[in-house]
Amino acid sequence: VQLVQSGAEVKKPGESLRISCKGSGYTFGNYWISWVRQMPGKGLEWMARIHPSDSNINYSPSFQGRVTVSADKSISIAYLQWSSLKASDTAMYYCVTVIAPPMNDYWGQGTLVTVSS
Amino acid sequence: DIQMTQSPSSLSASVGDRVIITCRSSQSISSSLNWYQQKPGKAPRLLIYAASSLKSGVPSRFSGSGSGTDFTLTISSLQPEDLATYYCQQSYSTPQTFGQGTKVEIK
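Which chain is which? The protein sequence lines are Z and C, in order.
Going by my numbering, the first sequence opens with residue -3, and the numbers climb by one from there.
Going by my numbering, the second sequence opens with residue 1088, and the numbers climb by one from there.
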């Protein structure tokens, strides 16, 4: 089982961005994928999750309206996107899935997003 | 949202010490509590799920306990490789909030 995320991005404020998380080694459509933010030197923040089978989505109120999550089950990829980036979006973003039984978590390697003018 | 509060925020202990980290939720979450370890520059990894179940492959010096609103992560004998930040997370309801983290340093 592996989650592979897209590479680091450097963007300007106001630009749009979509990062990706590709799953392999398991049935992608059967398990939730969550997105987690970690700002520089800070803790983990749960942003949202999506179930690829039916695109059922739950957002954290802290991120609702600021980001959009989606997934394409046919190619086993989940996405996290912004329509207008801010400097405060600078962070590492992880995708993660939990598969059971037995209980196992699988994390992407992280995508570093830097937003700077 | 359910708020998760960890204590302490950081601690320094010697190799072989018993270390206890606590996590409190703002409302009852039954046993829907996970503990993660994050080493510097790495993605987090799950240590404990359902409050007290040890994930396969995790050293047995790690243990978890609690239910309702109060939980603990115990490292029975701290090892040098346990240098990390530890996070609790509730999986009872979305958003699946994390605690603010406890940084463990080795004296």
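Please keep in mind that the hints were generated in silico from the structure rather than gathered at the bench.
Note that the structure is a prediction, hence the values are computed from the model and not measured.
Certain hints may be false.
To be verified - Below, a sample of chain Z positions facing chain C; criterion: calculated Cβ distance under 8 angstroms:
1. Lys18
2. Tyr22
3. Asn26
4. Gly37
5. Tyr75
6. Asp85
7. Ala87
8. Pro98
Said to hold, decoys possible - Under the rule of at most 27 angstroms between Cα atoms (straight-line distance), these lysine-lysine pairs were calculated in the DSSO-like manner:
9. Lys8(Z) / Lys69(Z)
10. Lys1190(C) / Lys18(Z)
11. Lys82(Z) / Lys38(Z)
12. Lys18(Z) / Lys1142(C)
13. Lys8(Z) / Lys1194(C)
14. Lys1126(C) / Lys1142(C)
15. Lys1190(C) / Lys38(Z)
16. Lys1142(C) / Lys1129(C)
17. Lys82(Z) / Lys18(Z)
18. Lys1126(C) / Lys1190(C)
19. Lys38(Z) / Lys18(Z)
20. Lys18(Z) / Lys7(Z)
21. Lys38(Z) / Lys1126(C)
22. Lys1142(C) / Lys1190(C)
23. Lys38(Z) / Lys69(Z)
24. Lys18(Z) / Lys1194(C)
25. Lys8(Z) / Lys18(Z)
26. Lys38(Z) / Lys1194(C)
27. Lys8(Z) / Lys38(Z)
28. Lys7(Z) / Lys82(Z)
29. Lys1142(C) / Lys38(Z)
30. Lys1194(C) / Lys1129(C)
31. Lys1129(C) / Lys1190(C)
32. Lys1194(C) / Lys82(Z)
33. Lys1142(C) / Lys7(Z)
34. Lys38(Z) / Lys7(Z)
35. Lys1126(C) / Lys1194(C)
Where is the CB? At the ideal position from N, CA and C, for every residue including glycine.
Can you list which hints this structure breaks, lowest number first?
Of the numbered hints, 1, 2, 3, 4, 5, 6, 7, 9, 10, 13, 23, 24, 32 and 33 do not hold.
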